[in-house]
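Using our numbering, read the sequence shown as starting at 1 and increasing by one per residue.
Everything labelled a hint here was simulated from the structure, so no lab data went into it.
Check the hints yourself; a few may be wrong.
[To be verified] No more than 25 Å apart at the CA atoms, straight line, and that leaves these computed lysine to any residue pairs for SDA-like: (1) Lys57 - Leu94; (2) Lys55 - Arg106; (3) Lys55 - Thr115; (4) Lys55 - Arg92; (5) Lys72 - Glu101; (6) Lys98 - Ala65; (7) Lys100 - Trp51; (8) Lys55 - Ala112; (9) Lys100 - Ala90.
Quick caveat, the model's predicted, so the values are computed rather than measured.
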Amino acid sequence: MKQPINRFAATTLAAAVLSMSLASAAFAAEPTMLAANDTMDKAEQAVSDTWITSKVKSTFVADSALSALDIKVETNQGVVSLSGVVATDAERDLAIAKTKEIEGVRDVSADALKTAD
Numbered sequence: 001m002k003q004p005i006n007r008f009a010a011t012t013l014a015a016a017v018l019s020m021s022l023a024s025a026a027f028a029a030e031p032t033m034l035a036a037n038d039t040m041d042k043a044e045q046a047v048s049d050t051w052i053t054s055k056v057k058s059t060f061v062a063d064s065a066l067s068a069l070d071i072k073v074e075t076n077q078g079v080v081s082l083s084g085v086v087a088t089d090a091e092r093d094l095a096i097a098k099t100k101e102i103e104g105v106r107d108v109s110a111d112a113l114k115t116a117d
């Protein structure tokens with residue numbers, strides 16, 4: 001009768017030791033997982049910003065009322081910065097309006113987009 005109880009005790013002890021070592025490994029992995037998630041978020045943001053910039057530029061090219069080659073477009077965390085020189089205030093306003101229509105654009109900074117008149 002003593003033999004099965006000893007085996008049970010040994011099995012229980014082994015299970016407890018294994019679960020503790022696995023738990024500590026899980027806690028050690030948590031900072032690594034958080035760092036990986038942060039890196040993924042940054043990568044997704046970079047891809048998103050690149051996509052927004054490309055979409056704004058292609059929208060400008062497709063619109064004959066805009067001089068797309070004269071407008072520089074940069075995106076950082078969803079905020080699009082427009083710079084350069086356009087012919088009229090109407091063209092400047094159109095560039096800003098078209099940019100705001102793009103999915104993912106959080107804000108538009110056009111202080112550096114000047115008019116020739």
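Now for the hints, and whether the structure bears them out:
1. Lys57 - Leu94: Holds - the C-alpha atoms of Leu94 and Lys57 are around 13 Å apart, at most 25 Å.
2. Lys55 - Arg106: It holds: about 14 Å lies between the C-alpha atoms, which stays within 25 Å.
3. Lys55 - Thr115: Roughly 23 Å between the alpha carbons, so the hint for Lys55 and Thr115 holds.
4. Lys55 - Arg92: Distance of about 17 Å is within 25 Å: holds.
5. Lys72 - Glu101: 17 Å, holds
6. Lys98 - Ala65: Answer holds: Lys98 to Ala65 is near 11 Å, not above 25 Å.
7. Lys100 - Trp51: 14 Å, holds
8. Lys55 - Ala112: Holds, at about 20 Å.
9. Lys100 - Ala90: 15 Å, holds
When held up to the earlier numbered hints, the structure conflicts with none and fits them all.
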